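Asks: Assemble the whole structure, with the sequences as input and the hints as a guide.
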Amino acid sequence: MSSNTNQRGQNFKQSFGRTAGLLGAILLVVVLFAITSHGLFLKPANLLGLLRYMSSLAIVGFGLTAVLITGEIDLSFGAVYGLSSMLSGVAWIVWGWDLWQSILLALCGAAIVGLFNAFFTTIVKIPSFIATLGASTIVFGVDLLVSKSNTLSPLSPPNGRVIPKSELKFFSELSNHALPGGFPMQLLWMLLAAFVFWYLLTKSLFGFHLKAIGGNQVAAEFAKIKVRKYKMWAFIICSVAAASAAILDSSYINSMQPDSGAGLLFPTFAAVVIGGASLIGGRGTVSGTLMGCLLLAILANGLALLGSGAFLQQMFVGAVTIGAVVLDQTTRARRKE
Amino acid sequence: MSSTNSSDKSGIRLEHLRKKYGDTIALEDLNLVARPGEILGIAGPNGAGKSTMVKILASETNQTSGTITLNGAPWDPREHKKQVAIVHQEPQLFANLTVAENILVGIEKSKYVRPKSSQVDQNLLDEVGLAQYAHRRLGSLPLAIQQRTEIAHALARSADVFLFDEPNSALTEDESGELFEWMHKLANEGKIVFLVSHRLSELAAHCDRVVVIIDGKAKVEIEKNELTEERISRELMTGVASKRASLAQAGKNTTNLLTVSDWKHVDEVFKPIELSVMQGEILAVIGVEGSGGREIVRSLSGFAPTTGEIAMQETKGSAVTKQVAFVSGDRSNSLFTNFSVGENLYVRLENRIKTKLRTVSRSSARAIAESAKSEFLVRAASIDTPIRSLSGGNQQKVAIASALALKPQMIALEEPTRGVDISSKAEIYKLVREYVLQGNAAVFYCTEVSEVFDSADRAAVVFDGKIKKILDVTKFNDAESLAEAISQATAS
Numbered sequence: 001m002s003s004n005t006n007q008r009g010q011n012f013k014q015s016f017g018r019t020a021g022l023l024g025a026i027l028l029v030v031v032l033f034a035i036t037s038h039g040l041f042l043k044p045a046n047l048l049g050l051l052r053y054m055s056s057l058a059i060v061g062f063g064l065t066a067v068l069i070t071g072e073i074d075l076s077f078g079a080v081y082g083l084s085s086m087l088s089g090v091a092w093i094v095w096g097w098d099l100w101q102s103i104l105l106a107l108c109g110a111a112i113v114g115l116f117n118a119f120f121t122t123i124v125k126i127p128s129f130i131a132t133l134g135a136s137t138i139v140f141g142v143d144l145l146v147s148k149s150n151t152l153s154p155l156s157p158p159n160g161r162v163i164p165k166s167e168l169k170f171f172s173e174l175s176n177h178a179l180p181g182g183f184p185m186q187l188l189w190m191l192l193a194a195f196v197f198w199y200l201l202t203k204s205l206f207g208f209h210l211k212a213i214g215g216n217q218v219a220a221e222f223a224k225i226k227v228r229k230y231k232m233w234a235f236i237i238c239s240v241a242a243a244s245a246a247i248l249d250s251s252y253i254n255s256m257q258p259d260s261g262a263g264l265l266f267p268t269f270a271a272v273v274i275g276g277a278s279l280i281g282g283r284g285t286v287s288g289t290l291m292g293c294l295l296l297a298i299l300a301n302g303l304a305l306l307g308s309g310a311f312l313q314q315m316f317v318g319a320v321t322i323g324a325v326v327l328d329q330t331t332r333a334r335r336k337e
Numbered sequence: 001m002s003s004t005n006s007s008d009k010s011g012i013r014l015e016h017l018r019k020k021y022g023d024t025i026a027l028e029d030l031n032l033v034a035r036p037g038e039i040l041g042i043a044g045p046n047g048a049g050k051s052t053m054v055k056i057l058a059s060e061t062n063q064t065s066g067t068i069t070l071n072g073a074p075w076d077p078r079e080h081k082k083q084v085a086i087v088h089q090e091p092q093l094f095a096n097l098t099v100a101e102n103i104l105v106g107i108e109k110s111k112y113v114r115p116k117s118s119q120v121d122q123n124l125l126d127e128v129g130l131a132q133y134a135h136r137r138l139g140s141l142p143l144a145i146q147q148r149t150e151i152a153h154a155l156a157r158s159a160d161v162f163l164f165d166e167p168n169s170a171l172t173e174d175e176s177g178e179l180f181e182w183m184h185k186l187a188n189e190g191k192i193v194f195l196v197s198h199r200l201s202e203l204a205a206h207c208d209r210v211v212v213i214i215d216g217k218a219k220v221e222i223e224k225n226e227l228t229e230e231r232i233s234r235e236l237m238t239g240v241a242s243k244r245a246s247l248a249q250a251g252k253n254t255t256n257l258l259t260v261s262d263w264k265h266v267d268e269v270f271k272p273i274e275l276s277v278m279q280g281e282i283l284a285v286i287g288v289e290g291s292g293g294r295e296i297v298r299s300l301s302g303f304a305p306t307t308g309e310i311a312m313q314e315t316k317g318s319a320v321t322k323q324v325a326f327v328s329g330d331r332s333n334s335l336f337t338n339f340s341v342g343e344n345l346y347v348r349l350e351n352r353i354k355t356k357l358r359t360v361s362r363s364s365a366r367a368i369a370e371s372a373k374s375e376f377l378v379r380a381a382s383i384d385t386p387i388r389s390l391s392g393g394n395q396q397k398v399a400i401a402s403a404l405a406l407k408p409q410m411i412a413l414e415e416p417t418r419g420v421d422i423s424s425k426a427e428i429y430k431l432v433r434e435y436v437l438q439g440n441a442a443v444f445y446c447t448e449v450s451e452v453f454d455s456a457d458r459a460a461v462v463f464d465g466k467i468k469k470i471l472d473v474t475k476f477n478d479a480e481s482l483a484e485a486i487s488q489a490t491a492s
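Order-wise, the sequence lines are chains E and C.
For the first sequence, position 284 (counting from the first letter as 1) is numbered 284 according to our numbering, and the numbering increases by one without interruption.
For the second sequence, position 321 (counting from the first letter as 1) is numbered 321 according to our numbering, and the numbering increases by one without interruption.
None of these hints come from the bench; they were simulated from the model.
In this text, all values refer to a predicted model and were calculated from it rather than measured experimentally.
In this text, a Cβ means the ideal position worked out from N, Cα and C, and glycines have one as well.
A portion of the hints provided could be inaccurate.
Distance ranges between label pairs, derived from CB positions [said to hold, decoys possible]:
(1) C:D174 to E:Q329: 47 to 53 Å
(2) E:T330 to C:K316: 54 to 60 Å
(3) C:T355 to E:A262: 38 to 44 Å
(4) C:R78 to E:V326: 45 to 51 Å
(5) C:Q89 to E:V326: 37 to 43 Å
(6) C:F94 to E:I112: 38 to 44 Å
(7) C:Y21 to E:I126: 32 to 38 Å
(8) C:R114 to E:Q329: 29 to 35 Å
(9) E:L144 to C:R78: 54 to 60 Å
Replies: Right, here's the structure in full:
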């Protein structure tokens, strides 16, 4: 009894220990890359680029964190990312819709995929792993169908279609608006998303109940928490977050590619899991996900600078993910002793 | 009388067996002897340590201290797993394999090749009457056949210690009869046979001796010549403090709070029942597992599919069940292990902890948790302590407190003191009593007569999906006469 007189302090120490570990890892790779890249890594332009990459990873990651907290899994957000990018592009550039209508269409499309995932997971009751894996393939099919597997750019619309200058400017400025010191606009969006998700997951009743459901779904049902409703919102939020990141990214590169979400799945999972979210539910934070994304962005950037190529990058990210989870589990087991 | 065979040293001897889980003492100091050739009955209330003993013998856990000897030599169940066979209520076999394959698991002839069903000893199959089922998938067969497979599996490994742990609670009468024949057969062959059961009549009918375990100790050993149902029941009852909460009478009130009529389970787990719960009372629903009693209690909170009418004061239908708070008997279904004590206490209180912006108000949530913690005598260093580090009794208090903190007019509890130590037990009943005295009511499902006697005002006796009788518990002077009335009601 006397050993846990100051439990609150101890809880704080535990979560602090985890944060400190991640920060240490981040610091370590920063120093490592700063030295091996002969200062290239620390150049402001490089760091800002790194943060931009991180921001789109993080926006998707926040959504995934919400789903993981409930104890479910979402494997469809990569495909949703691609579909949303193409839906907005096709509606805007090919069909000639207004820009705002096209973006709304993309977000609604994503929400429908979220509903689809929730329906099969909570009502039909098949494992979310399968439901969202299936959804992922279906969505990618729709994506290819809608886009006819073409890459689109608002700068080169099909013959006869003229895109208003104001819309072009607005779209491009979404992610390219010039901020003082070359601060990436997308990072600002990420900070906004981080605030919204922090509020949702940590402060709100919604987040509290999500955590309860992930901790013990049966107990949550007996406590009369509306498990289905909460899970539905978690899936919708995850899809919409992926769609938002997709639109911001297509604004940044001023084009829409149908297969753009394909490479997103693993890095996002890696970042979220490194950030401390548990695949069995009940655990996950915005700050953890942020740091996981930062670590992953640094790794990707640093390894690219070293010219080590995509293959080595792949191997590295995989190894780091496994290492982080192993480390987390062993320290957790020791704390329990 | 019992030791007609062999010398003093034969059999399994448990000496000063002690098992602690954290702060909770599951076995205090257990001493007993099981001899080959006899069926040793083990009786005791839930949480007395029966299942801990079974777990130790099955090498699922090991004792904190104490020794086990077999025929006089020290014996560690973990080194002799194949010698021990456990027959549970739920067979612990592989539902996806055939009967023959199940028997072969663990005694395969080759390390690499998948065993062929034909390798099973045909004589064994004939002997246990499984020959016709040998190639059927185990999961598709009735429970009784699955249990027989379990016995055959053990015989194939030449096990000589058989532990039957509530083996027949889900069997029909005929199937049970066959199972008991098997137990006698095994005993006659010189095996050591344990029978752990709640069913006193069966213990009396089939055992050579019965050991009554209470609070982690072997309280008494009843020899064959004095072995009757009444005797076991008397030993069980007197083990638990039999003083009646004096508050019971004071809270009497005859206003109906909740009424159900023509209330029946969709799958007929219980047949149409009429029941009313009065303000200020604790109503016990007593019946064995599978009687439908558990489902009746669950249904009041909307956790069993039902048809019929339910009314609580002015409200009717599903609006009523929404208001009835429920606490599962299984703590793994009522607590959130990723949460602290405090979070567990306020997790249900949506309306009392949310702000206008739908955030959780930390200050009011913590205040509620603090007051619930002290009101319910939860022994934890602070409300920030992880729930996992509490003892079973304190965890159960948190589970019940979290439901009572909702201030529901009615609460449905399932075995509220299962696996809880005696002092927490008394505290839990006292707290529920205080709560009903504020004009509320509680209904709980229970299998122990002594608990009903200690805590309830009325008892609905459930058997075979029907409420056989509703007894006024306060009219009984001792638990024994209540037990008698209950068994009479069941028999009628």
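Asks: Does each hint hold? Answer for all of them.
Replies: Here is how each hint holds up against the structure:
no., hint, verdict
1, C:D174 to E:Q329: 47 to 53 Å, "50 Å, holds"
2, E:T330 to C:K316: 54 to 60 Å, "55 Å, holds"
3, C:T355 to E:A262: 38 to 44 Å, "42 Å, holds"
4, C:R78 to E:V326: 45 to 51 Å, "28 Å, violated"
5, C:Q89 to E:V326: 37 to 43 Å, "38 Å, holds"
6, C:F94 to E:I112: 38 to 44 Å, "42 Å, holds"
7, C:Y21 to E:I126: 32 to 38 Å, "37 Å, holds"
8, C:R114 to E:Q329: 29 to 35 Å, "34 Å, holds"
9, E:L144 to C:R78: 54 to 60 Å, "58 Å, holds"
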